[in-house]
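Colleague: Residue numbering for the sequence shown is 262 to 526, as defined by the numbering used here.
These are calculated hints, taken from the structure and not from any lab test.
C-beta atoms are modelled at their ideal positions from N, C-alpha and C, and glycine is treated no differently.
Treat the hints with care, as some may be off.
Distance ranges between label pairs, derived from CB positions [claimed, not checked]:
(1) Leu360 to Glu275: 49 to 57 Å
(2) Arg489 to Leu360: 29 to 37 Å
(3) Leu311 to Gln273: 39 to 47 Å
(4) Pro413 to Phe324: 33 to 41 Å
(5) Pro413 to Phe473: 42 to 50 Å
(6) Gly307 to Val466: 36 to 44 Å
(7) Met373 to Tyr326: 22 to 30 Å
(8) Phe298 to Phe347: 17 to 25 Å
(9) Phe347 to Ala476: 37 to 45 Å
(10) Met483 to Arg525: 41 to 49 Å
In the BS3-like style, the derived pairs of lysine-lysine whose C-alpha atoms are separated by at most 25 Å in a straight line are [claimed, not checked]:
(11) Lys402 to Lys437
(12) Lys332 to Lys437
(13) Lys402 to Lys496
(14) Lys496 to Lys332
(15) Lys440 to Lys332
(16) Lys318 to Lys332
(17) Lys402 to Lys498
(18) Lys459 to Lys440
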Amino acid sequence: MLRDITLGQYYQTESVIHRLDPRVKLGGTLLYILSLFFFRNVLGYGAALLFLALVIKLSHVPFRYMVRGMKAILFLLLLTVGFNLFLTPGTEVFSLWKLTVTKEGLWMAGTMALRLALLVIGSSVMTLTTTPNNLTDGMEKMMGIFQVFHVPVHEVAMMMSIALRFIPILLEETDKIMKAQIARGADFESGNLIHRAKAMVPLLVPLFISAFRRANDLAMAMEARCYRGGQGRTKMKPLAYRRRDGLAYLVIGCYLAVSITLGRL
Numbered sequence: 262m263l264r265d266i267t268l269g270q271y272y273q274t275e276s277v278i279h280r281l282d283p284r285v286k287l288g289g290t291l292l293y294i295l296s297l298f299f300f301r302n303v304l305g306y307g308a309a310l311l312f313l314a315l316v317i318k319l320s321h322v323p324f325r326y327m328v329r330g331m332k333a334i335l336f337l338l339l340l341t342v343g344f345n346l347f348l349t350p351g352t353e354v355f356s357l358w359k360l361t362v363t364k365e366g367l368w369m370a371g372t373m374a375l376r377l378a379l380l381v382i383g384s385s386v387m388t389l390t391t392t393p394n395n396l397t398d399g400m401e402k403m404m405g406i407f408q409v410f411h412v413p414v415h416e417v418a419m420m421m422s423i424a425l426r427f428i429p430i431l432l433e434e435t436d437k438i439m440k441a442q443i444a445r446g447a448d449f450e451s452g453n454l455i456h457r458a459k460a461m462v463p464l465l466v467p468l469f470i471s472a473f474r475r476a477n478d479l480a481m482a483m484e485a486r487c488y489r490g491g492q493g494r495t496k497m498k499p500l501a502y503r504r505r506d507g508l509a510y511l512v513i514g515c516y517l518a519v520s521i522t523l524g525r526l
């Protein structure tokens, strides 16, 4: 299950999406996520689904690799569907014991599940096609306006990028610790929910120790390379917009216009 989480990982391949400026991918992802909350009918979600399918096709990242990340949020997805399915008032369709399924509940549960799936997969496309360094540079450039308010933009972007990059590393470390403890007789599968939660406690101690050790090693490595923050720093590969980035912005704009128009009908 832990290996199925793809958020924060980078998939090395050659594609037009990989070559796009990270600011385009960051801005496009944010706009795509926001657009999902404006739809009122199937047409809007259909447009969002087709647009995401086109981006995945152009990224050359295997679709099954992206869908694999959905396994990690399966419980959250089922919980969201269940709450919306049984707790939304409206026209009754059928009843299960004391629970009533309504027409409005079916629509709400379906749209919430689709919205959550598109949100997760859309975010994964950005991280899978953008290196951590480019992601940091893109965040720093996009948040540059906040420097007027004396916000340490470079440091904030660096922390966000490191946190995102550490997700797959810590998950891999958790998987190794779990396998090591299972080999020593630990049981993480049997018992009720409370018993499983208690079984996870011995897992947290070595995981926290490993996380702090990795953070300390990273800090020492940055100090050894004379890192002193973003003030006056130069970049070996400064970001620069190209023609394909302008075309990408145009495509994103067309998608927003079409999808929101269809979704608000």
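Colleague: With reference to the structure, classify each hint as holding or not holding.
Modeller: Structure-based check of all given hints:
1. Taking the beta carbon of each, Leu360 and Glu275 are about 51 Å apart, inside 49 to 57 Å as hinted.
2. A C-beta distance of roughly 60 Å is found between Arg489 and Leu360, which places it outside the suggested range of 29 to 37 Å.
3. Taking the beta carbon of each, Leu311 and Gln273 are about 27 Å apart, not inside 39 to 47 Å as hinted.
4. For the pair Pro413 and Phe324, the supplied restraint of 33 to 41 Å holds, since their beta-carbon distance comes to about 39 Å.
5. At about 23 Å, the beta-carbon gap between Pro413 and Phe473 misses the expected band of 42 to 50 Å.
6. At about 48 Å, the CB distance of Gly307 to Val466 disagrees with the hint of 36 to 44 Å.
7. Roughly 24 Å separates the CB atoms of Met373 and Tyr326, a value that falls within the hinted 22 to 30 Å.
8. Our hint of 17 to 25 Å for Phe298 and Phe347 holds, since their Cβ atoms are close to 23 Å apart.
9. For the pair Phe347 and Ala476, the beta carbons lie near 43 Å from each other, so the given range of 37 to 45 Å is met.
10. Our hint of 41 to 49 Å for Met483 and Arg525 holds, since their Cβ atoms are close to 48 Å apart.
11. For the hint linking Lys402 to Lys437, the alpha-carbon distance of about 37 Å lies beyond 25 Å, and the restraint is violated.
12. Of the supplied pair hints, the one linking Lys332 and Lys437 holds, its CA atoms being roughly 19 Å apart against a limit of 25 Å.
13. Note on Lys402 and Lys496: the hinted pairing holds, with a Cα-Cα distance of about 12 Å set against a maximum of 25 Å.
14. With a C-alpha separation of about 38 Å, the suggested pair Lys496 and Lys332 falls outside the 25 Å cut-off, and the hint is violated.
15. In summary, the hint linking Lys440 to Lys332 is supported, as the alpha carbons are separated by about 20 Å, within the 25 Å threshold.
16. A hinted pair counts as satisfied when its Cα atoms are at most 25 Å apart, and Lys318 with Lys332 qualifies at roughly 21 Å.
17. In summary, the hint linking Lys402 to Lys498 is supported, as the alpha carbons are separated by about 13 Å, within the 25 Å threshold.
18. A C-alpha spacing of about 17 Å is found between Lys459 and Lys440, which places the hinted pair at or below 25 Å, so the restraint holds.
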